[in-house]
Structure formats: structure tokens, C-alpha cells
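Since chain L is already given, all that's left is putting chain W on it; use the hints.
Chains L and W are the protein sequences, given in the same order. Under this note's numbering, residues 1 to 426 are what the first sequence spells out, in order. Under this note's numbering, residues 1001 to 1226 are what the second sequence spells out, in order.
Just so you know, the hints here were simulated from the structure itself, not pulled from any lab data. Quick caveat, the model's predicted, so the values are computed rather than measured. Even for Gly, the Cβ is constructed at its ideal location relative to N, Cα and C. Check each hint, because a few of them may be wrong.
What the simulated footprint calls covered on chain L by chain W, stretch by stretch (three residues with Cβ under 8 Å from a Cβ of chain W suffice, anywhere in the stretch; the number is not a length) [to be verified]:
| # | segment |
| --- | --- |
| 1 | 59-69 |
| 2 | 116-124 |
| 3 | 152-159 |
| 4 | 180-193 |
Keeping only pairs whose Cα atoms sit at most 20 Å apart, straight-line, the calculated DMTMM-like set for lysine to aspartate or glutamate is [stated by the list, open to error]:
| # | chain 1 | residue 1 | chain 2 | residue 2 |
| --- | --- | --- | --- | --- |
| 5 | W | LYS1208 | L | GLU163 |
| 6 | L | LYS122 | W | ASP1025 |
| 7 | W | LYS1180 | L | ASP197 |
| 8 | W | LYS1047 | L | GLU22 |
| 9 | L | LYS187 | W | ASP1043 |
| 10 | W | LYS1180 | L | ASP134 |
| 11 | W | LYS1198 | W | GLU1117 |
| 12 | L | LYS30 | W | ASP1043 |
| 13 | W | LYS1209 | L | ASP197 |
| 14 | W | LYS1029 | L | GLU117 |
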Amino acid sequence: MKIAVVGAGMTRFDRPRRELQEELVAQAFKNMMEDLPELDIKKDISAAFYSYFSDHLEQQLCMHWIIHDYLGLSSKPAYRVESGGATPIDAIINAYTFIRAGLFDLVLVAGWEKMGELDTAKVNEFIAMASDTDWDYPVGGYYSGYYATMEVRRMHLYGDTEEDLAKVSVKNHNNATYNPYAHWRAKNGTKKITVGDVLNSRLISYPYRIMNVAEVSDGAAALLLASEKVAKKFTDTPVWITGIGLGTDSMRPGDRTGNPAWVGLYPEDEAVWPEAETKPLSPYPEMANFGSFRVAADSAYKMAGIRNPLKELDFAELFNPYDGVEISAYEDLRFCKRGEGKKLVREGTTERWGELPTQLSGGLYGQGHPVGATTIGQAVTIFWQLREEIPKKWGSRNAQMQNPKRALLQGHGGTGTQAGVIIFER
Amino acid sequence: MVLEEKVEFDNSKLNKWKKWALKGDMGVKGYRIVEGAYGSRVDKIEKRRYMVVERPHGVVYQHSYGLLSRFYEGLLNKKLYGTKCPKCKLVYLPPRVHCWNPKCKLEETEWIEMPLEGEIVTYTIMAFAATPFLKDLPFILTYVKIGNSCTAVPLQLREVNPLNVHVGLKVKVKFVDKPKGDLMDIYVVPAEKPKPPKRSKEEEERLKKDLKIVEEWVKKHFPKEQ
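Extracted from the complex, chain L is given alone in its bound form (with noise of 0.2 Å):
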């Protein structure tokens, strides 16, 4: 059975937004209503997965219950999904699994988040949370120093430089100023960045720049799917979902030097490996790359019959709270060998006129990372390249691909503790 989108739509990612949580939902769920003149909400939708990630920041347990009835859903079957910076993506795939069952035909997917009501270093205090508090949370590196570790491992195993990683927040930001719904075009305007910029920026956390990290916005996006039976009923031009994948690996990132459930999986992986280092007990993924991507890719690719990602894909929407985790996803992604990733960031293949672009969008510090929203917003702008809007929604002919067939979408929360990944085809 084939499953469609056939909305989409997302308010800006930025912060602060003063809106209500609902009030932003219900914007994200009106700009995709534009394009669904025939949805009737109370006939039509049969179900709603939300996605958002913190308790602690929105200061409000079960808010989905306020989304729900906000946008007068009562009555139909609902649920929150939760699983960090996964979130979003795991929320679609659920909707998806679902109407694959046959026991919906019509699910809204929304996904929100509210970080603006927090100072950023309490910010980044509560997302840590979802790294192990007795472990790794102690310690004072949180996310962007347990990143930022797992990056200069990279640079030593691999020889990815800052250079590298200044390069991809470049094209990323770049991207971003031709997007009405970025948070970096509504905080900076249009103007463009140069690598200089970027490695004059504020040092994080070695060797990442305040502008090779995540943004922390407010925002909502939202998208709805439906069976092959009922997608033809909204849209003549529904996005086909042709593969998902899920994946996931350790809680802590140094525990992957020694995980006996990687060891052997990836043998080809495993032979990449320096001569003058030791090699660990489990030597992919290890802390230099995400072997969660791989896992969900290689079942998304399994199920939508890609064999040669790179030359199958038309453009892809990483999660890339950090730019190494984007080096690393190409590897991860099969889109070259392990430690080859900084060839296609130096050789130009995932710029805008590259062989295959990768965010679009602007990423997670261009369009913004409003947790339980972000990969739903990066999804949106996905279904609008694929049926190639971009020129109406977004205000620009020069930001619209030519004749887009197929995209990939991939998520993940923790380190990649946990990933999923969607092959999109119009």
C-alpha cells in the first residue's frame, strides 16, 4: 500500500514567539489548509500524532491535549510521540505505520516546540536532560560539548578540518536567506555569510562556532497523510512516501568505543580504520560516526529500492544540530565511504547546484530547530520542492530545484541514539 502527503505547512521558525503553543500550531495547520480547500476537519481526519520534545520547557505536561481540541480534533484518536531530537521524524513514521495498517486513512502530523521562555544556558541545561543524567550530564559539557568530542575524533581519525565544517554552515546559512520560514532570515536578513564569518564566530566548543550549532527557536509545522485510497481526493500531486527506516544506538557516546551489538554488522565500515591507532572492540560506528543513520537509511533505501543514494536522490534534509554530524551523515548515509565526507563538503557536491543538495531548507540554524517541529518543518519544505511550490510559498524562483523526483529526509535525537529516515518521491 503507498502512503501520501498531501499537506504541508509550517509557521517561521524564531524567538521569541510570543504566540501560544496552539496559536502557532493552528498557523502551521491553516498555511497547509491554502492548498486543501476540499478538507473537511471534522469528516476527513481520522487521527493526530504530535511531536513535541520537552515537558520542561513548554512547562506543561500533555500539551497535545490543548493542540487537539485547539484545532477541534476531539474525538479522534491521538498520541504524543517523544524520543528527543527524533521526535518529529518518529511522529511521521508512526502516522505512517499506522495508515499502512489500515486503520486510518487521514493523520495529521503536528509538531511544535517553545524554547524562547527559557534563557539559552537553562536551554541547553534541559535538553540535556535527554543525555544520561548520571553520566554524561554531570560532567558540564552537554550537547555541544558531547558533539563536539564525537567531532574531533573525526578530525583525527579522518582529518575533517574546521575549514570543512565552516563550508557547511556557509552553504546552510546561505540557503536559509531565501527561506521565509528560517529563523536565521527573520534574526539576520538575506545577506550572505562567508567561511570567514563563520571561523571568526564565537567559539562553543571545540571546534565548533556559535555559527556551526543548532538555533533555538519557537515554531510549528505540519503535515498530513493519508492512504492511497483517500490522496487523490485532496491533491493530483500528493509526495509518496516510498521508504522509512528507524535505528538506533548507545545512550552514552562513550560507550560506542566498546558495544558488543555493533561488533561485525558493518564489516566494510570496520576496515576503515587509521593503521598507527588501536582499534576498538566495536570500530564503526565508534564515537567518530552515527551507525543509528545507517541503520534507518539502509532499511528506507531496502524499501524504496535505492541502490546508489548519491545518484538516486535528487536532495536530502539532514538533522545537523552540529555541521561534523552533517560530514559524518554522508558517510552514515551512504552518500560516500566512511572518513570521505569532507570530499563531497570541499568538492561542492551538496551545495545548492551540487549533485545533491542537502538542506534546503537552512538546517537546524538556518530554518531554525524548534525541537518537535524541526524535522516536520524540514518535511515541509521537502513536499514543496517536490511539487515544486517554492517559487509561491517562499517567494523565490532561484531557491526552486529543477524538476525534483526524489528526496531523503533524515532524523535523529540524543547522539544518534536514536534515528529514522524517509524517502520522499512526487
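Using the frame of chain L, we list chain W on its own:
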């Protein structure tokens, strides 16, 4: 049957924090009215009035360290414990009470005393951190393999110039003077002369400048700590 009795305790600070938690009751402590933005697209914004209230929220958790309590009690006594699986012989620090090797089917591990030495798997120089750690900036966060543990534990590295830290550096584990029962009771220091990582002149100058900015920021915001 008595299921639990207090064997040893230090709650000298608890009352102060319990009062603080009661005070932080989510009640409104202040407000402001602001003129702010409304709308989905940044190029199509309208103005609206918003009322913003301040609502503090305080909590004190009574957290049990479970079967890992042996490790934390060890810290109080300045001893470092890990665990070892009797079946597959893997050594864990962080300790695991049940072996995670799928072959061992959650076999209960045995406690062993760990040597106070290890090697740096990776590191970062923290130049911005969450609230409790701001005054300590810049500090070095490392993942260290202690003894023959197969996993690495996050610890702060001290007594070294951040520019000289590198992967593979041999380190010694030290205890703070007054352990209180979390991972900050221990830290590591170099056990050998560091071999600074290769950096271009430009990278080195930039990093020096970064560290200076952080030090000045800390001086300005935490003058008493200096």
C-alpha cells in the same frame, strides 16, 4: 519487615533547597506587556500585544543510584570501581550491573577496583556551557578509557594548556578534596608530556584568540571567582 533503613547520610544542605523548591511553585512573580510579531512568514508580519509573566519552578529530586550505588559510595571513599562480566570478561567503566554483550544475556557483573590511569579517546575545549559551569570556562571535556575498560567515561581534564591536549594522551585519575557523590568527584591530569596536535599557524592563532575572549568573558561575569 523493614525494607529500608538509613545507614549513613549527609543532608546538611537539604533544608535550604527544600525551602527553595517550595518557593518555586509556578506562581506569577511578575509581568510585562510587549508589542510583538504575529504571522507565519517573515515577509508578512503583523503586530500584536502580548502579556508575558514570570513563573519560577523549583524541584528537589530524591534520586537513587540503584545498584550502581557501589560506584558512587566508592567515590566518597576515593576509590574507583568498574565492573567485569564473568562470562565474556569485558570490563566496564561506566560500570554496568548487567553485561550488555548480547551473548551474556544480562549476566550480573562483578565489581573490580580500577587503576587510576587511562588514555584520552577524544576531547573538546568548552568555551560556552550551561549555567553551573560558566565560571569554570574554558575547561576541557574528555572521554577517557580507564584501565582496560572497553568503554570511555566523560571526565574533565585539568592542569594542561588546552592547546596541547590530544587524542591518545595518557592521563592519571585524581579525586577532589571533598567528594560529594557524582562524576565531578574525579578528574584527569596528564601522565605524560603532551604532543600538541598539528595545527596551522592560522588555526593556532585563532584558538588562542578564542580562549582569550572566553577568559575575559568569565572575568567580567564572575569577578569573585578570580
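Structure-based check of each hint:
1. For the segment 59-69 of chain L, the assignment as covered by chain W is violated, since 1 residues bring a beta-carbon within under 8 Å of that chain's beta-carbons and 3 are needed.
2. As drawn, the segment 116-124 of chain L meets chain W at 3 residues by the rule of a beta-carbon pair under 8 Å; at three or more, the given contact holds.
3. Here's how the segment 152-159 of chain L fares: 3 of its residues keep a CB closer than 8 Å to some CB of chain W, so the rule of at least three is met and the hint holds.
4. Chain W is given as covering the segment 180-193 of chain L, and this holds because 5 residues of the stretch bring a CB closer than 8 Å to a CB of that chain, at least three being needed.
5. Taken as a hint, the LYS1208 (chain W) and GLU163 (chain L) pair is honoured in the structure, with Cα atoms around 17 Å apart against an allowance of 20 Å.
6. At most 20 Å may separate the alpha-carbon atoms for a hinted pair to count; LYS122 (chain L) and ASP1025 (chain W) meet this at roughly 18 Å.
7. Of the pairs offered as hints, the one joining LYS1180 (chain W) and ASP197 (chain L) is violated, with about 43 Å between alpha carbons and a cut-off of 20 Å exceeded.
8. Among the hinted pairs, LYS1047 (chain W) with GLU22 (chain L) is consistent with the structure: their alpha-carbon atoms are about 18 Å apart, no more than 20 Å.
9. For the proposed pair LYS187 (chain L) and ASP1043 (chain W), the alpha carbon gap of about 12 Å is at most 20 Å, so the pair holds.
10. Only pairs whose Cα atoms come within 20 Å are accepted, and LYS1180 (chain W) paired with ASP134 (chain L) is accepted, the gap being roughly 13 Å.
11. Distance hint between LYS1198 (chain W) and GLU1117 (chain W) is unfulfilled; the C-alpha atoms sit about 25 Å from each other, more than 20 Å.
12. Straight-line distance between C-alpha atoms of LYS30 (chain L) and ASP1043 (chain W) comes to about 17 Å, which keeps the hinted pair within the 20 Å bound.
13. A C-alpha spacing of about 15 Å is found between LYS1209 (chain W) and ASP197 (chain L), which places the hinted pair at or below 20 Å, so the restraint holds.
14. Between LYS1029 (chain W) and GLU117 (chain L) the alpha-carbon distance is near 14 Å, which keeps this suggested pair within the 20 Å criterion.
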